[in-house]
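Peer 1: Since chain B is already given, all that's left is putting chain W on it; use the hints.
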Amino acid sequence: MTFQWSSVKEFVPLLLPGAIVTVKLTSISVLAGIILGTIFGIMRLSRTPLRYLAAAYIDFIRGTPLMVQIFMVFYGINALIEGTLDPFPAALIALSINSGAYVAEIVRAGIQSIEKGQREAALSLGLSNSATMFYVILPQAFKRIIPPLGNEFIALLKDSSLVSVISVNELTRYADTTAGRTFRFFEVWFSAAIIYLILTVTISRIVILLEKCLKVDE
Amino acid sequence: MAIIEVQDLHKKFKNLHVLKGITTTIEQGEVVVIIGPSGSGKSTFLRCLNFLELPTSGEIRFAGDLITPDNLQVVRREMGMVFQSFNLFPHMKVIDNITLAPRLARKMEPEEAKSQAYELLTQVGLSEKADVYPNQLSGGQQQRVAIARALAMRPQVMLFDEPTSALDPEMIGEVLDVMKSLAADGMTMVVVTHEMGFAREVSDRVVFMDDGLLVEENMPDQLFSNPQHPRTQSFLSKVL
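From first to last, the protein sequence lines are chains B and W.
Numbered by the numbering used here, the letters in the first sequence go through residues 1 to 218 in order.
Numbered by the numbering used here, the letters in the second sequence go through residues 1 to 240 in order.
No lab work stands behind these hints, which were simulated from the structure alone.
The C-beta atom is built at its ideal place from N, Cα and C for all residues, glycine as well.
Wrong hints could be hidden among the right ones.
As the list claims (entries may be wrong) - Which chain W residues face chain B? A few, computed with CB under 7 Å, are given here: (1) L52; (2) L54; (3) R76; (4) M81; (5) S85; (6) N87; (7) F89; (8) A101; (9) R103; (10) A105; (11) M153.
Claimed, not checked - Listed below are the simulated DMTMM-like cross-link pairs for lysine to aspartate or glutamate, each with C-alpha atoms no more than 20 Å apart in a straight line: (12) B:K116 with W:E162; (13) W:K93 with B:D176; (14) W:K93 with B:D159; (15) B:K215 with W:D131.
The shape of chain B in the complex, shown without the other chains (with noise of 0.2 Å):
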């Protein structure tokens, strides 16, 4: 069998709805990911025994596999509840609690890199330890960290294919179905690794946009 353009040409629409669930499973995960990273990426740098609750699980999300982590919460949530848990919402809480691990050292990393004086300002201003991070902090940290948190988005949304384990209709698992329905495995698999591409690639852009809007003052 010889490689066909015409076919690519046609799976590519063929595969687009799957591309549309991508994304938004991408997205969602990515948000939830930086509200749970801030909240983890602060709580690690508490002087709290919180502190120790972040690192453990930080490091437990880190230190497994992201396909061992999408079957411990379906399977796990399934086992939990009576009925049984979608496989979309199920990959929504997989990849968040995944992102939200990495995106906290992110944060970390951010708040650490501001300079001490900024918080010792704050401070002798007589603001609270909170209203110093959320006014004078953090929104210096997130500027700082945009450009991982866009890697991270990127790398979360290729490590989204893992979903389809769990039979989540995404990218992954239409190219998968086309491509034993059609029998043209290369073309469907290429068509799939375009769209890949394509999305990567526009948000690597869009990064770069953000990055620079808000350099404006610096």
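Peer 2: Frame of chain B; chain W shown alone:
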């Protein structure tokens, strides 16, 4: 009346004994300049006054009340601080730098905080710069904004930690002028500086620190023209 009373203040960083028992009093309306060689503990002493460095032992009272971690935030509102490296918030315009603390920590209405900020900017000669970001200002201008930001809390005392040390020589004057006019208005000030001219001209009292101790203190003309302690004499012979 004493506004700050320091009793047997010690500060250790691990094995390094930086402050070795300092006892002194700052009177209301007084301008005290602290001089001394680097590593003598001047900045550490100043930073202990508002607990940016936690004292290892000893007591500090502000307006009669012992400063503790519980009332610290309230006391800090009464003690403005100006840093060597300005420490303006780079992500906020000048006006927002000045209004942030009054709005959050004094619950001032945004409009009131704003009009006060414009007054303070006029006072430090920067009324045109309200809507620029700190990075668009020169060092001297940034430091004057930092002074305005501290004054916006209407503090009873202003602490200056080498406010001109990071400035190009031609910008030192503009910052010292602002400080002089503050002193003339009766602000209580504690200033760590190497500007002996300022100390001589503006201060009510000069304190010489060396090796973590207050070695000698006196009125400026006395201390500069007739230092008693050999270490003061040796230091002054090098810097004057």
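Peer 1: A separate judgement is required for each hint: does it hold in the structure or not?
Peer 2: Status of each hint after checking the structure:
{"no.": "1", "hint": "L52", "result": "holds (5 Å)"}
{"no.": "2", "hint": "L54", "result": "violated (12 Å)"}
{"no.": "3", "hint": "R76", "result": "holds (4 Å)"}
{"no.": "4", "hint": "M81", "result": "holds (4 Å)"}
{"no.": "5", "hint": "S85", "result": "holds (5 Å)"}
{"no.": "6", "hint": "N87", "result": "holds (4 Å)"}
{"no.": "7", "hint": "F89", "result": "holds (6 Å)"}
{"no.": "8", "hint": "A101", "result": "holds (4 Å)"}
{"no.": "9", "hint": "R103", "result": "violated (10 Å)"}
{"no.": "10", "hint": "A105", "result": "holds (4 Å)"}
{"no.": "11", "hint": "M153", "result": "holds (6 Å)"}
{"no.": "12", "hint": "B:K116 with W:E162", "result": "holds (17 Å)"}
{"no.": "13", "hint": "W:K93 with B:D176", "result": "violated (53 Å)"}
{"no.": "14", "hint": "W:K93 with B:D159", "result": "violated (40 Å)"}
{"no.": "15", "hint": "B:K215 with W:D131", "result": "holds (17 Å)"}
When the structure is compared with the earlier hints, violations turn up for hints 2, 9, 13, 14 and for no others.
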